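Let chain A serve as the given structure and place chain B on it in line with the hints.
For the protein sequence lines, the chains are A and B, in the order given. No gaps in the numbering here: position 209 of the first sequence is 209 in this note's numbering, and each next residue is one more. Take any residue in the second sequence, note its place counting from 1, add 278, and you have its number in this note's numbering.
No lab work stands behind these hints, which were simulated from the structure alone. Here the structure is a predicted model, which means the values were calculated and not measured. Backbone N, C-alpha and C define an ideal beta-carbon position, used for all residues, glycine too. Keep in mind that a hint or two might mislead.
[Unchecked claim] Far from chain A, some chain B residues (derived; all Cβ distances over 10 Å):
id: 1; residue: K280
id: 2; residue: K297
id: 3; residue: E361
id: 4; residue: H370
[Unchecked claim] Straight-line Cα separation of at most 35 Å, DSBU-like style, residue types lysine-lysine; simulated pairs:
id: 5; chain 1: A; residue 1: K54; chain 2: B; residue 2: K379
id: 6; chain 1: B; residue 1: K432; chain 2: A; residue 2: K5
id: 7; chain 1: A; residue 1: K28; chain 2: A; residue 2: K82
id: 8; chain 1: B; residue 1: K293; chain 2: B; residue 2: K432
id: 9; chain 1: A; residue 1: K23; chain 2: B; residue 2: K284
id: 10; chain 1: A; residue 1: K57; chain 2: B; residue 2: K400
id: 11; chain 1: A; residue 1: K148; chain 2: A; residue 2: K261
id: 12; chain 1: A; residue 1: K41; chain 2: B; residue 2: K368
id: 13; chain 1: A; residue 1: K148; chain 2: A; residue 2: K203
id: 14; chain 1: B; residue 1: K289; chain 2: B; residue 2: K365
id: 15; chain 1: A; residue 1: K82; chain 2: B; residue 2: K280
Given next are the chains, with one letter for each unit.
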Amino acid sequence: MYPPKFGYVIPDSIDEANEFLEKHEDAKALAGGHSLIPMLKLRILRPSYLVELKGLKDLHFIKREDGKIRIGALTTHYEIVKANLPLLSEAGATVADPQVRNMGTIGGVISHLDPAADYPASLIAMDAVVRIKGTRGEREEPFRDFAKDMFSPDLNPGELVKEVVIPDFKGYSFAYKKLERRAGDYAIVGVAVLLKKEAGIVKDVRIGLTAVNNKAVRATEAEKILLDRSPDEKLIEEAADKAMSYANPTSDIRGSAEYKKKMTKVMTKRALQDALKR
Amino acid sequence: MKVYEKDQKVKVTFKVNGKEMETEVEPRRLLVHVLRDLGFTGVHIGCDTSNCGACTVLLNGKSVKSCTLLAVEADNSEITTIEGLAKDGKLHPVQEAFWDKHALQCGYCTPGMIMQSVWLLKENPNPTEEEIREGISGNLCRCTGYQNIVEAIKTAAEKLRLDQPLYQRQ
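With the rest of the complex left out, here is chain A:
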């Protein structure tokens, strides 16, 4: 399979990339390319130009500063796994397969916003903030607003994701549980849990779900069941049951809506059990 013909642009700075993409609305930014190139080969997309981002070193970093972790858009899944970040490193290790993780980037994932992608469950649970850059400067959006709908990030023409900022979640335990039908596939259900315990009592808990809605959601009512309590099996069961009510999946090759909904409960239970054990 061959991609359709397109022009190719190698910018020297983010500004140049912003300007070119704003002027050519049918151009596409190329990061790791592991969603984009398959779509080109299937001729789902026919962009006028691809704008290569990989040379833009300002987008490629992980920085830890006062309680926050800043992750540049071009950071690959491989680098995220190696960096030992809360929750994201565990989620990153489940993305596709090793070769894809060597190329794919976090900025690419959230600019593409596949509803079954792995990071969104974690990003929504972590209250991640997305820093965006365009020709008129920079702005910040919470990830929950940035992800407007499936395949619909809050990006205006010419704008690019610059970095993702997460709190460092010191003292939290966490788990990401992914159900997949075959190795390397997208999630059938993905559940991310972050949890802070003091003397056996849950002081903060966040539950993020991916693949069971158009976009990732937080199961806030399920979180409330656990808050300020000392969770036993019964309480975990109750919370997992509540999390299931946040799942509105659609039937597809990966399973029926009914199956996915039930598995949301199972995976939430496993994620909570794991996070509580750690």
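Here is chain B on its own, set in the frame of chain A:
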């Protein structure tokens, strides 16, 4: 900023198996096609959809699926293909282990499988069986059932560790 129009060819320079090469490609050309045209036909096209891993090569030391990379993206990079593993007529330890353990039947997945194993053992010189299986999860083999491939990677890991001087062993 460099701008190439869709019919314009781009000059690409890279090192393949240590040898400097220069070629001109359309922006839409995939790395796997360009490598094969340059004579590196050990790089196989399998599924062509970044699932099967038959096209795996090392790009600047990291394993990638060359069917999902544009040749222009590989400009100024170093590429290793299966043809670059043997040194002075002697097979690479991973190649030798695949031979010894009979880790192939039809052989179509083998170059990609070996390139991925080379990378895996560089990252993790002493992998558990589970880590080996996860490490080659991006490479499909439809003949062997993977058992002998896993055995071969274990054997290669031992050999590579023994080949290292004592003070470097993990």
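Going down the list of hints, with the structure as the test:
{"no.": "1", "hint": "K280", "in the structure": "4 Å, violated"}
{"no.": "2", "hint": "K297", "in the structure": "23 Å, holds"}
{"no.": "3", "hint": "E361", "in the structure": "19 Å, holds"}
{"no.": "4", "hint": "H370", "in the structure": "19 Å, holds"}
{"no.": "5", "hint": "A:K54 - B:K379", "in the structure": "40 Å, violated"}
{"no.": "6", "hint": "B:K432 - A:K5", "in the structure": "44 Å, violated"}
{"no.": "7", "hint": "A:K28 - A:K82", "in the structure": "29 Å, holds"}
{"no.": "8", "hint": "B:K293 - B:K432", "in the structure": "30 Å, holds"}
{"no.": "9", "hint": "A:K23 - B:K284", "in the structure": "17 Å, holds"}
{"no.": "10", "hint": "A:K57 - B:K400", "in the structure": "26 Å, holds"}
{"no.": "11", "hint": "A:K148 - A:K261", "in the structure": "22 Å, holds"}
{"no.": "12", "hint": "A:K41 - B:K368", "in the structure": "38 Å, violated"}
{"no.": "13", "hint": "A:K148 - A:K203", "in the structure": "30 Å, holds"}
{"no.": "14", "hint": "B:K289 - B:K365", "in the structure": "30 Å, holds"}
{"no.": "15", "hint": "A:K82 - B:K280", "in the structure": "33 Å, holds"}
This entry does not satisfy hints 1, 5, 6 and 12, going by the numbered hints stated previously.
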